[in-house]
Amino acid sequence: MNLNAPFLVCLGHELRLLRIESLSALIGFVLAAAFAYAAWNGTGWAQRQQEAVATAQTAHETRVHDKLAQLNAMEAGTYHPPSAFLNPANPLWIGLRHASTPAALPATALQAAAVGQSDLFPPYLNVSADTRDTWSLQEDVENPTNLLAGAFDPTFVAVVLLPLILIALSYDLLPSERERGTLALLLTQPVSLTTLLAAKVTARAVVVLGGASLFGALSLALVSSNPLSTDFLLRIGLWTALVWAYGLFWLALCATVSSRGGSSAAGALTLCGLWLLFQLIIPTLASSLAQAALPAPSRSAMVSEIRAAQDQARQRGDASLARYLREHGEERPDTPVLHGHDLDDARRRIVILLDSNTEVERILDEQERRRQAQLSLISWLRFLSPPVLMHDGLSEVAGTGEIRLRHFHAQAEHFGARWREHFLTRALRNEALSSADYARFPAFDYQELPTTRLIGEITLILSGLIMPAALLGLLARRRLKKPVAHEQLLFVPHT
Amino acid sequence: MEGANRGAISDILVIARKEGLELSRDRRLRWLLACLLALILGALVQGWQTSEAESRERISAQHANYQQWLEQGARNPHSAAHYGVHAFKPVNPLAFIDPGVGAFVGISVWLEAHKQNEFQFRPARDRSSLYRFGELTPALLLQTLAPLLLILVGFAGFAAERENGTLRQLLSLGVSRKRLLAGKALALVGLLGAMVVPIAVAAALLSIGAEDALRRLLALAGAYFLYLGGFVFLTLGVSALARSARQALLVLLAFWLLSCFVLPRATTDLARHLTPAPSGAAFIQALTDARRATFGHDESHPAFIAFREKVLRNYKVSRTADLPVDFRGLALREDDHAGYRIHDEHFGRLWAIYNTQDSLRQIFGWLFPGSSIQAVSAGFAGTDTQNHVHFARAAEAHRRVIQETMSENLIQHRRHDDPDYSADRWLWARIPPFVYTPPTLGERLTWQTGNLGRLGLWLGGCFTFSLWAVHRLRP
Amino acid sequence: MLEARSLTKLYGTHKALDHLELIVKEGEVFCLLGANGAGKTTTINLFLDFIQPSSGQAMVGGKNAREPESKHLLAYIPETVMLYSSLTGIENLNYFSRLAIGREHRKEDLSSLLIRAGLPAEAATKPVSSYSKGMRQKVGIAIAMAKGARALLLDEPTSGLDPQAANEFATLMEAQRALGAAVLMTTHDLFLAKQVGTRVGIMRQGRLLSCFATAGVDHVELERMYLNTIGGGMKP
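Note that the protein sequences, when read in sequence, are chains A, B and C.
Position 452 of the first sequence, counted from 1, bears residue number 452 in my numbering, the numbering being contiguous throughout.
Add 1000 to the 1-based position in the second sequence for my numbering, that's all there is to it.
Add 2000 to the 1-based position in the third sequence for my numbering, that's all there is to it.
Honestly, I wouldn't trust all of these hints.
DSSO-like cross-link-like pairs, simulated, lysine-lysine; straight-line CA separation at most 27 Å [as the list claims (entries may be wrong)]: (1) C:Lys2194 x C:Lys2025; (2) C:Lys2025 x C:Lys2063; (3) C:Lys2126 x C:Lys2107; (4) C:Lys2063 x A:Lys481; (5) C:Lys2133 x C:Lys2194; (6) C:Lys2015 x A:Lys482; (7) C:Lys2015 x C:Lys2063; (8) B:Lys1178 x B:Lys1018; (9) A:Lys482 x C:Lys2063.
Sample of chain A residues at the chain C side, in silico, Cβ under 10 Å [as the list claims (entries may be wrong)]: (10) Leu17; (11) Ala25; (12) Tyr37; (13) Ala59; (14) His60; (15) Glu61; (16) Val64; (17) Gly181; (18) Leu186; (19) Val484; (20) Phe491.
None of these hints come from the bench; they were simulated from the model.
No residue lacks a Cβ here, since even glycine has one placed at the ideal position from N, Cα and C.
So here's chain A without its partners, still in its complex pose (with noise of 0.2 Å):
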């Protein structure tokens, strides 16, 4: 290699510019100091929702130990349950309160990486054998003010803190040359505008984006449960190209600008405005457009619609219970738990509940459908805003993204509607609950997105950040190519 060449020289010169003007080091120093606070904010919520699924899940085996004892005792003939409700051989009850269990997302290696939609849809539901909606909705308690200021994560950071950076450093690539009066110096010499843009750019480049990389690895790695593994690697891995993806298009922006001539103040104050305009205006045009084009679902009338279906199923409720013991009344288990009153109302209450829940299901589902028509909309359009694709891809690399988390809750549902199965069909049948039978409750097991719907989903984004830093690389250059260009760029036309 030729290190002579124009543009490695003009890099090495770069570089040392930098690091004689201490940019190098004040930039060192700014994103190891944004990236150290961002990942321990960020590691903090992730240990805040494992410690709250770490609750839930003692919560769940203290009340299934209790009942295990008290089934035991009640075998033993030392028990003997006040009401059907505290029956531990009840299934009725186990499923729908007393074993109740929590359904968890577990965290990724790359968890502190950003908070993501992790904040709005908690990382456990409690699935009990009751109607959908009773669970599949819970939301986590939190200060709503903090919701909506958002955190200061590793994410914030990149996406909205590194652009800046880059256009504090980038604003005046050939302008300040022009205006320091050594361009025309260097347009004497047989070295083109392209390879010193380019060198300029790469120069800023190396030092911010591969600092921000190595100082967000580092951190994260610093935080995380488990670094070495391959999990965090991966992750990490395509968090450091997003970076660096995102990164080029803001610097090709910067090129682009100083390509175009002009004072250094004015790009300011362009770029500035590029930046407002895809950090705000964009997203909240974006986000207003698909709100009005396909409503959100209207939860306020789902509440209604739901009560309808409860009531009506509660209206049918004798003629359910009828069509169960016709089809069904022959059947008498070997340990029937129930008897007289409770077996009726134990019954009325399942046949209406499963009744109910078909009809709760289908409006849960539409709703979901119209929820998703929205999302589906805004992910094209968030193509229109770097800054909305690089959040979305970092959430979904930390595992905080809307598509793990609908993978999580689909697979959520499912298990509920396997833990429903298995405790009503018991309970129509009146079949009591042995203490071998507790070994033997459902459990769910967590299935990770697989790796390549991720990995297909940043490629996706990458794309969506590269393609146009490569448009706006190449107008760049074809600018700087224009016989024109050095006049303009050395004499700015008086306004």
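Use these hints to put chains B and C onto chain A, whose structure you have.
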């Protein structure tokens, strides 16, 4: 004296007019303003429509819900209490100006027997991650874009005059620095007016008819005056002090970023670390643990047995069946009262933590006013956490009315633990439809005294700073 | 080495340069004289390809100035040589010469170049921000020497220099000329033109009105001819 005053005022007007003339010559600025105004008026109308639609939905859901309550048919009053009603939070008529935390609190709460529920269905859950980037509303414009516009228009105020040498001219004419400052400030205020007045008028027109909406709008306008007035003087002060226009711009932009983007988030996390709030699981666990002391439906619970003994003693009978009232009803009421105390304690503690977190966030509101104006604006628009808590308390009070009425009915009318006892529409209609009385303007003002004080301090500080800066101004 | 062929530059309808014909041979110093706005700097800028001609050609060593290769032959010294003020003289020289010739000089060579250009030895390792105008000029000459420029384009190189510095500069120019460089220089300094110039051209309103060798004229005559030409024939 009067002549001197007239001289000062005419000087200031001359300066302001010249500044205005310069601004109006700037074609880019005219375009920018026009686009911004169109954008925001569009957003205003769209936001108003959305919030009207949402409001109608909730009102009709509330109405339907009450009908369902009335039509629930004959059943045991305690089952009716379990069935309960939903309380839907009404959309505040000013929510379209500042939606505040609206998207991040649930829209309704189920008022059922035995427990105080959390609110459900945060609208943000049904929207995409785009929501994290904000909502296009007048609040966003006034809190974020308006200060930026002031900075972009005003940063050159003194610095450019110095670089052009026109400042030497002006000062050599004997123009006082204070008048120069006042004139330039007046021009910026005029620009602000060109943007704010159309919004304020549109907002006032859209919210005609809502009770105290106009008075609250006035209070909002006052708060934004403090906030943006500070930015006018800060911009001019920095411009006078900076070595170059470029330096002034950089300093002001950095301040704007800190105040509007970085600090609100950074302090949120800090507040979370300093005063941690329990997670949902921990909160529910704590409630459950506390509820262990109460008996609920568990008739083998020692507290239940003790209560039964006490009742039998009081009525001087030996069996519950001999009581002149229904014992199950009495037990329900007793259990409910214990539950009220526990819920008040736990929810009160949770909300107190939220309050502390919010105050921590606002400590530096006098220096970086972003957090203060966010709080005041949402507070007056009725969309902050405190307003939400106010509603939650009202809903809980209504739940207790239902519980008390249902238990009282059991106590008075059911006999001998009759399992088939039922009440009908007559009893259900004893529960009035849930009507929420929002806090008065006076209450809202007291909630925001601290923040308003900080905003006043901010304006005063910026004004003093700009006076000091122009005093030091060297051509 | 430098040749203008019917070189014309229009700004709108204004003729900044009007069909200039000019040849500067190797070993020759050509001084362009003329009032402000006469087209002197435009000529330099056209040879440097900073601006493009409306018609005609600027040739450098037989190549069109529009071709990048022409840059290998050129060196440019403006009124104030602007450098990276946070870097030292040596570092600046190193950067520009590496860009110019595509290889690196040894450090000793760079210092000796600076010394030959007249920069005090101890100044070479100080940041350029501490340099005087004359010292910057010398770094500019050192850059020209380092790349072995065959044609020097100087735009009012001595304006604002004190007499001693101007004199040193003239000596350096003379040395470059003796080495065979072609020098095209604009100036307002008639004494300098007489002192270092082999030929002088006087411009007015974009046209080269007269052109003569300096050998046969003295200072007084040069001044008279200059005033006559630019004053449109008016007597002083």
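Going down the list of hints, with the structure as the test:
no. : hint                  : verdict
1   : C:Lys2194 x C:Lys2025 : holds, 18 Å
2   : C:Lys2025 x C:Lys2063 : holds, 14 Å
3   : C:Lys2126 x C:Lys2107 : holds, 15 Å
4   : C:Lys2063 x A:Lys481  : holds, 20 Å
5   : C:Lys2133 x C:Lys2194 : holds, 23 Å
6   : C:Lys2015 x A:Lys482  : holds, 23 Å
7   : C:Lys2015 x C:Lys2063 : holds, 25 Å
8   : B:Lys1178 x B:Lys1018 : holds, 16 Å
9   : A:Lys482 x C:Lys2063  : holds, 20 Å
10  : Leu17                 : holds, 7 Å
11  : Ala25                 : violated, 14 Å
12  : Tyr37                 : violated, 31 Å
13  : Ala59                 : violated, 64 Å
14  : His60                 : violated, 65 Å
15  : Glu61                 : violated, 66 Å
16  : Val64                 : violated, 71 Å
17  : Gly181                : holds, 3 Å
18  : Leu186                : holds, 7 Å
19  : Val484                : holds, 7 Å
20  : Phe491                : holds, 8 Å
The earlier numbered hints that this structure contradicts are 11, 12, 13, 14, 15 and 16.
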